[in-house]
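Novice: Take a look at the letters that make up each chain.
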Amino acid sequence: MSESLDALERRIAELRAEVRRAVKARDTALARHLRADLRRAERAWDEAVVADGADGDGPAAREPAATLMPVREQVHQALLLLGVPAAARLIVAVNGAFFSGALRGPQLSSLRRDEERSFRGAPYTRPYYLCAALTDRLSPARGLFADSTWPLRARVVGPLSPRVDFLSAAVRIAEHLTRLADPPPGAVRLLSRMAQNIPGAAETGFGPADPATVIAAARAELEVHLPADTAQRAEVAARAGEQLTDAERLFGAAALTTLRGAC
Amino acid sequence: MGGRQERPDGDWARTANRLEELRGPAPARPHDARAIAALAANPGCARRALLDAAGVDKDTAARHVGFPAPFGQSQFAITRGNAFETLVKENGCAELLRLLRGLLGLPIEQVGYQDVENVGAHLRASHTRALIDRAARETETAVFYDHPLLSLRIAGHTSYLEPDVVAFQLGGRFHVVEIKSFAVIDGQAEPDKVAAAARQAAVYVLALRTLMEELGHDPERVSHDVVLVCPENFANRPVATLVDVRRQLAVLRRQLARMTRVDRLLEGLPPGLTFSLDPDPDGVPTRSAEEVAQALRQVPARYAPDCLSTCDLCMFCRDEARACGSTDLLGRQVRDQLGGVSGMEEALGLAEGVREPGEGQEEIAHLLRQAERLRRECVA
Numbered sequence: 001m002s003e004s005l006d007a008l009e010r011r012i013a014e015l016r017a018e019v020r021r022a023v024k025a026r027d028t029a030l031a032r033h034l035r036a037d038l039r040r041a042e043r044a045w046d047e048a049v050v051a052d053g054a055d056g057d058g059p060a061a062r063e064p065a066a067t068l069m070p071v072r073e074q075v076h077q078a079l080l081l082l083g084v085p086a087a088a089r090l091i092v093a094v095n096g097a098f099f100s101g102a103l104r105g106p107q108l109s110s111l112r113r114d115e116e117r118s119f120r121g122a123p124y125t126r127p128y129y130l131c132a133a134l135t136d137r138l139s140p141a142r143g144l145f146a147d148s149t150w151p152l153r154a155r156v157v158g159p160l161s162p163r164v165d166f167l168s169a170a171v172r173i174a175e176h177l178t179r180l181a182d183p184p185p186g187a188v189r190l191l192s193r194m195a196q197n198i199p200g201a202a203e204t205g206f207g208p209a210d211p212a213t214v215i216a217a218a219r220a221e222l223e224v225h226l227p228a229d230t231a232q233r234a235e236v237a238a239r240a241g242e243q244l245t246d247a248e249r250l251f252g253a254a255a256l257t258t259l260r261g262a263c
Numbered sequence: 001m002g003g004r005q006e007r008p009d010g011d012w013a014r015t016a017n018r019l020e021e022l023r024g025p026a027p028a029r030p031h032d033a034r035a036i037a038a039l040a041a042n043p044g045c046a047r048r049a050l051l052d053a054a055g056v057d058k059d060t061a062a063r064h065v066g067f068p069a070p071f072g073q074s075q076f077a078i079t080r081g082n083a084f085e086t087l088v089k090e091n092g093c094a095e096l097l098r099l100l101r102g103l104l105g106l107p108i109e110q111v112g113y114q115d116v117e118n119v120g121a122h123l124r125a126s127h128t129r130a131l132i133d134r135a136a137r138e139t140e141t142a143v144f145y146d147h148p149l150l151s152l153r154i155a156g157h158t159s160y161l162e163p164d165v166v167a168f169q170l171g172g173r174f175h176v177v178e179i180k181s182f183a184v185i186d187g188q189a190e191p192d193k194v195a196a197a198a199r200q201a202a203v204y205v206l207a208l209r210t211l212m213e214e215l216g217h218d219p220e221r222v223s224h225d226v227v228l229v230c231p232e233n234f235a236n237r238p239v240a241t242l243v244d245v246r247r248q249l250a251v252l253r254r255q256l257a258r259m260t261r262v263d264r265l266l267e268g269l270p271p272g273l274t275f276s277l278d279p280d281p282d283g284v285p286t287r288s289a290e291e292v293a294q295a296l297r298q299v300p301a302r303y304a305p306d307c308l309s310t311c312d313l314c315m316f317c318r319d320e321a322r323a324c325g326s327t328d329l330l331g332r333q334v335r336d337q338l339g340g341v342s343g344m345e346e347a348l349g350l351a352e353g354v355r356e357p358g359e360g361q362e363e364i365a366h367l368l369r370q371a372e373r374l375r376r377e378c379v380a
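Residue numbers (the UniProt record's numbering), protein chains in the order written: chain Y, 1 to 263; chain X, 1 to 380.
Where hints are given, some of them may not hold.
[As the list claims (entries may be wrong)] If we take Cβ atoms under 7 Å as the criterion, some of the chain X residues that face chain Y in the derived model are:
no.: 1; residue: 92
no.: 2; residue: 94
no.: 3; residue: 95
no.: 4; residue: 105
no.: 5; residue: 106
no.: 6; residue: 115
no.: 7; residue: 118
no.: 8; residue: 138
no.: 9; residue: 234
None of these hints come from the bench; they were simulated from the model.
Every residue, glycine too, gets a C-beta built ideally from N, C-alpha and C.
Using the sequences provided together with the hints, build the complete structure.
Specialist: In structure tokens:
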């Protein structure tokens, strides 16, 4: 392999010298011809050098295969794993830890708007929509994504919900990790980072967290918050069910129109 | 700030007119927390107090007279600060919750989180008011208020301020949380930066206390201990400490009261004085730099080396202090020690024994001579 590379490098050097000579002699036709040859040789060298690297365990071999899934599918995949409304950063982190890792934060910025436009144009034509979580003012919660197939009470958030959702997400990620025979290191890191903020979950200090411990610790704290949060969510969900239209139930009402019912 | 109501309207109108005259046709510059905090950094400076009360754009003025300020925040620092803030606030302030459970002893049940930014920008201030009012009345309520918007009246203008987070504790106390991206290494952070953060947080505490007062609650329920969150050592892991800002609050109050009593500062000024740059329709200054500099020199400044990190006019004032050999250049501590000595030349004269100490200068002259003797010994 490297022999052909050497040969190509020699050829490229020769061609460069010939191009220089042709330019000096003002033979433009020959120079153009030689430049085309040079480009071909350089391309061949590029291909050969990549193939050479891929033979061993070069970095190219470890790159995850580029996914053909559209962005909304990837977001949906992450949301299914988490099972709770999640912020873009967490979705990107889960995608990077368990799935393709091709998702980038800015790709998500216009997603909710696109989904809303699609729903308002032709309602209920897609099997699911990526929608907003609703606040207690029934306005869309800033930056939170939810799945339209979830019941309304899972898509609204009260003051306690961010903590409850964080703990539930940690439980879901830990459960998913226990199911995997060979857990990806990125996912273990994600769980360890979350475990740092759950009391009793990170006994090993900064080391990798144990999924079973995380589940137990998160469930213990969840027990404290869950009844109050469920009640608050049910109340908001009931209000949303009565007051909002179909589209608003998914994507939230504009902040001004809900002033009546809120605080 | 309550002083405004006590004064007859005519007086206030006259003061406002005079301030407008000082500023010229340019719109008044609104204050942000950093600017208000900088006021408290040097309370003795009449020049700064007057320019701020009039809402003069100090940066443009300094640039025009040929002394542009050497600072401004780097884009990298802003990005770094924002990234760290997002990290601390991620997942409903999960990191912050861990820190405050240790620091303030928050019980496990207290985890509420309200993002004030969920309402439109135009409603944020009133929504913050409503949420804080509800928190002050009821005990079972949210703990973190993210992106709140507070307002503070400064010299007749309302300034809007955005603290990072306001935390509420079951005991009924509010804490201002300030997230900064400078590192705390081995329990130590740079004193300048901590002092700047404390001053800035004091502005938020004052605004929050004013709000509580307006709502009819006890303003003392806003704690004077602010929570400062910084990265620990060389990692990105946040650590929280309580910083007492009582002193900064007192200084700030005094400075703000001074701005409302600005008529006293105005009294000594020559009539017709203005700092206006006379901008043409495109905003390009037409007044000569020398004239503006002359106008600025009419108001006494109190230069200190700390001004270099807080005030836009610092280079101008430093140049002035250098020209007259003022002891201000040596820092506050040295200046205070050299109390009765008027300038650097006099101090040097006393040290070298060329000049006879005047009445009351014997002690400092003795000290200076001794210092000079030590210096000679070291150099030789």
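Novice: Work down the list of hints and note, for each, if the structure agrees.
Specialist: Evaluated hints:
no.: 1; hint: 92; in the structure: holds (2 Å)
no.: 2; hint: 94; in the structure: holds (4 Å)
no.: 3; hint: 95; in the structure: holds (6 Å)
no.: 4; hint: 105; in the structure: violated (13 Å)
no.: 5; hint: 106; in the structure: violated (11 Å)
no.: 6; hint: 115; in the structure: holds (6 Å)
no.: 7; hint: 118; in the structure: holds (5 Å)
no.: 8; hint: 138; in the structure: violated (11 Å)
no.: 9; hint: 234; in the structure: violated (14 Å)
In summary, the numbered hints that this structure violates are 4, 5, 8, 9.
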